[in-house]
Amino acid sequence: MNDDLRELYQEVILDHSRHPRHFGALAGATHSGQGYNPLCGDRVAVYLAVDGGRIADIKFEGKGCAISQASASLMTDMLVGRTIAEAEKLMGGFLHLVKGEDAADLQGDDRERLNVMAGVSAFPMRVKCATLAWHTMKSALEGGAAAKTE
Amino acid sequence: MNDDLRELYQEVILDHSRHPRHFGALAGATHSGQGYNPLCGDRVAVYLAVDGGRIADIKFEGKGCAISQASASLMTDMLVGRTIAEAEKLMGGFLHLVKGEDAADLQGDDRERLNVMAGVSAFPMRVKCATLAWHTMKSALEGGAAAKTE
Amino acid sequence: MMAQLKQVRPTVFEPPRADFEILSRAIYGKPLVYLDSAASAQKPRQVVDAMNAFAANDYANVHRGVHYLSAAATQAYEAARGTMQRFLNAAQADEIVFTKGGTEAINLVAYSWLAPRIRAGDEIVLTVMEHHSNIVPWHFLRERQGAVLCWVDVRDDGSLDADALDAAIGAKTKLVAVAHMSNVLGTVTPLKDIVARAHAKGVPVLADGCQGAVHATVDVRGLDVDFYALTGHKLYGPTGIGALYAKRAHLEAMRPFNGGGEMIREVTRDFVTYADPPARFEAGTPPIIESVGLAAALDYVSSFDRNAVKAHEAALYSHAREAVREFDWLRVIGDAAGKGAILSFESAGMHAHDVATVLDREGVAVRAGHHCAQPLMERYGVASTIRASFALYNTREEVDALIEGLHKARKILTR
Amino acid sequence: MMAQLKQVRPTVFEPPRADFEILSRAIYGKPLVYLDSAASAQKPRQVVDAMNAFAANDYANVHRGVHYLSAAATQAYEAARGTMQRFLNAAQADEIVFTKGGTEAINLVAYSWLAPRIRAGDEIVLTVMEHHSNIVPWHFLRERQGAVLCWVDVRDDGSLDADALDAAIGAKTKLVAVAHMSNVLGTVTPLKDIVARAHAKGVPVLADGCQGAVHATVDVRGLDVDFYALTGHKLYGPTGIGALYAKRAHLEAMRPFNGGGEMIREVTRDFVTYADPPARFEAGTPPIIESVGLAAALDYVSSFDRNAVKAHEAALYSHAREAVREFDWLRVIGDAAGKGAILSFESAGMHAHDVATVLDREGVAVRAGHHCAQPLMERYGVASTIRASFALYNTREEVDALIEGLHKARKILTR
Ligand SMILES: Cc1ncc(COP(=O)(O)O)c(C=O)c1O
Ligand SMILES: Cc1ncc(COP(=O)(O)O)c(C=O)c1O
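Residue numbers (my numbering), protein chains in the order written: chain A, 1 to 150; chain B, 151 to 300; chain C, 301 to 715; chain D, 716 to 1130.
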């Protein structure tokens, strides 16, 4: 089997995509955002409960490819409990990582957990799948205009 | 000097273009037509006095290249005094001649006089210059919609 | 006797692989298996050579020049129009308007023919299998002028019910806009019947022939269709060119679309008059070199026994169709009788993009997505499908590579 | 020190004849002397080779595909956009919309930006030297929506009086549409000044750069121009492609033009939403192979010292201009200071088409006609002119051939 493919479709990714964490709607959300990738039809909605500058809870709903669903699931897992400033830093690092750019801002445990997505960088046509949820999260935090990745 | 050019710009042609016969307006015209070649801006107007099925008088006005002016002048010279049926036959023959097609319908003296225009057939981009006045004459006889040669 | 023999034993069609240099390239070390011709076909060397020779010997701008090269270029351009006329069996060459592509051909009808004729409440009948290029121009007329879009459904197998289409045509219908062949389902619509029934109610028909013209001979006169749009790059021709066939009377009644050089009779400060069709609709310098390439592509396509090509493509499709029957996790979308060589499917538990990514690493190029047919995706309740499309250069071995790739995708993505 | 030396003795520019195969062909047994580049330029082998290599290695449809070739083609297409951005010094690549040509670029502004903004009585300011492509789209708005065209005259020498243009801009002016360089007079307009003064009155400016972009570097940011239209085939690039530069804010405020694939966000039966620019304006399969050729053409042009090219063309023009001074039967039209390398003239007693026909038999290709600028012909009281235009590949000997040909024409036509 092709190495790049093995790297892309790791067990962790497939597991996240099949058993997404934090899936569903969130009663009492303070922020939400809608994301859509018109190229493949992937959709994602994220719901956030922010309390005192900290992300107290996250949920997401969506439909799409393994990469986009896994990425959304992983994101919710990693962002819950963080401050908004921390979340933004992580988002920036993630974008660098999946584009194959220098992701020096990602370190330690964060780096290790997000590394499962690094394989995406070998598939330029799939980067947008990986970033959809993250862009949507960003727009939710910024006030909720629909995110998109054309 | 190039043979084709000599053939095209014969003395007779240049003479007709410089000293056009039957040039001007025609008081008491029964038919008239306007011709325009949008590609080069050539214009021609023909005026006819038809009497008992016979072209009693013709005049033309126009502005354009040597070929178009000579062709108009020659046409008026040759059509005056003819019946409409004769004129139509001559027009058909002329069109064949300048396109380099079989012009068997042109004979005798007519053939000889029109032969000065035969050189046009070696210049496909100029055929429309030669035919403008003739198309205009045809449309005048048919009732006078503006002729054009795009 | 010979003719009969030929019918009994059709020529075995040998895919002309050598004409397509790109087909011998490798992708990630694997031979390219190009099954995306419905998106765009590869170009044979005959097309590329014709364009190169023209550029090297006869190129100049068309129409306005007296000089030799301009005459040569004009002749080549107008000859291409004649080639297209014959390809479609149009009555006259000046019923052919060259456009930048199939999309522009349809927009030309929307802007120049329908827009000045349609009023709020007037209806346009179209089908759910249309490509966005045969939907969005009509949505513009809805948004801007209050037109109403009347959608005709397809049957579950993807076939079009001509009765349903006929029933949708009412007193307010101004146009029927329908694909000749669907780019997703492969369905070939009963165009002749549709036209006859629409005409019986006095309604003109526009056929989107972007796919239809590739896979069978088109006879616009036999079909009696009013407008027929097609695109060069799917016909093994260059990008940047397409064509609209329209009946002469329609063209004459159409107002200009783009304004500029070539399409006028006279321009003054105060007014403008327009050239006759087709020039009226070809503002600006046209795709001159592309017209030469397109003519070469039509000649290329016509150089084969087109029925043999069709049989070849049908055989590839059948082979693929049969092979995927064993995949119980795969649902084929579009199974109409007589359909063209396009296989679309979704797969349970695997997203189209993931499958396409795995196939790609095997060298197999397919499309994954909505194929610019979102209403059709909606109709079948899918966000996207995988589409493998077969062209005259494809082989049975390439179909096998697709099937093999699908096995792999299943193994990787559902492990 | 070096830089200074270079300024004192500019590089002698050697016309790259070998790059243009067509230039070594014969016409009626005489060497081709191609002086019709303002109508369309010949294509260097670098452009043809780039297109061939792309077609042979990387061709597929763009944007919608996951597979390797589609990614490669998308990358090439978007890279071409970046090349155009740098060529024009635009701020962002997504301020570049690829069109089918310069004409369509201007029509795009008319249909998508101005049409929804203009009311009966609103004014469009333009000059009498505009090409029909920068006139007819505005006539459409006059015919269809009651816009008023306000014409600015040129001075007798063909130069544009920026004061006169400024004076024409009033409270109802919605757009100034002006050529960067005239295709007949060769006049280069004071675009930066025009833009500054129009902006002072809150009026945007569209520059028709179809000629301007060929003969000098363009800096849309420095000019602060709102819209800049250009065409590929005059820039030594392929036919079938052009581009519109527009400021991002304008693009975002523009409604779609053609409807179809690629330009939508979402299509349903009942509504449609549109993609962001530039995709919003690139409906259908774009001129993909042509984009590669256009990028190669821009790279080709940029590979020279553009000031040296300009000086070379100016020297050819001066040589011709001086030589025709001795012809008292010839009137040059367009003598503005700083003009580009286009020589237009009429000749007493000889019609332009007759002259061009004689020149053609000498191998000399020039244009004769109205050059799609009828209001300008009207302004100078001529039906047509002869136009010789000089490009980077022309030589002093070719100018001599033109002069020689004019002597012959005189001899033949006035004997
Ligand atoms: C059925 C159909 N119609 C229209 C089009 C549009 O053609 P183009 O993109 O060449 O304008 C396509 C292809 O994209 C198609 O498959
Ligand atoms: C000044 C000017 N504007 C616009 C155009 C139109 O360009 P195109 O014919 O490539 O659309 C031309 C050339 O024909 C031109 O010279």
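It is possible that part of the hints are untrue.
Stated by the list, open to error - Some chain C residues judged to face chain B by a derived CB distance under 8 Å, without partners named: (1) Arg364; (2) Val366; (3) Ala371; (4) Ala372; (5) Arg569; (6) Asp570.
Unchecked claim - Chain B stretches covered by chain C per the calculated footprint, using a threshold of three residues with CB under 8 Å from any CB of chain C: (7) 220–228; (8) 239–249.
Quick caveat, the hints were computed from the structure, so don't treat them as lab data.
Beta carbons: idealized from backbone N, C-alpha and C, even for Gly.
Status of the hints after comparison with the structure:
For C:Arg364, the shortest C-beta to C-beta distance to chain B is roughly 6 Å, which falls under 8 Å, so the interface hint holds. Contact between C:Val366 and chain B, as hinted, is supported at the beta carbon level, the nearest pair being about 5 Å apart and thus within 8 Å. Look at C:Ala371: its Cβ gets to within about 5 Å of chain B, closer than 8 Å, so that hint holds up. Taken as an interface hint, C:Ala372 does not check out: its beta carbon lies about 10 Å from the nearest beta carbon of chain B, beyond 8 Å.
With a least beta-carbon distance of about 16 Å to chain B, the hint placing C:Arg569 at the interface is violated under the 8 Å criterion. Interface restraint check for C:Asp570: the shortest CB-CB distance to chain B comes to about 17 Å, outside 8 Å, so the restraint is violated. For the stretch 220–228 of chain B, the assignment as covered by chain C is violated, since 0 residues bring a beta-carbon within under 8 Å of that chain's beta-carbons and 3 are needed. Counting residues of the stretch 239–249 of chain B whose CB falls under 8 Å from any CB of chain C gives 0; the rule of at least 3 is not met.
The structure shown violates the earlier hints numbered 4, 5, 6, 7, 8.
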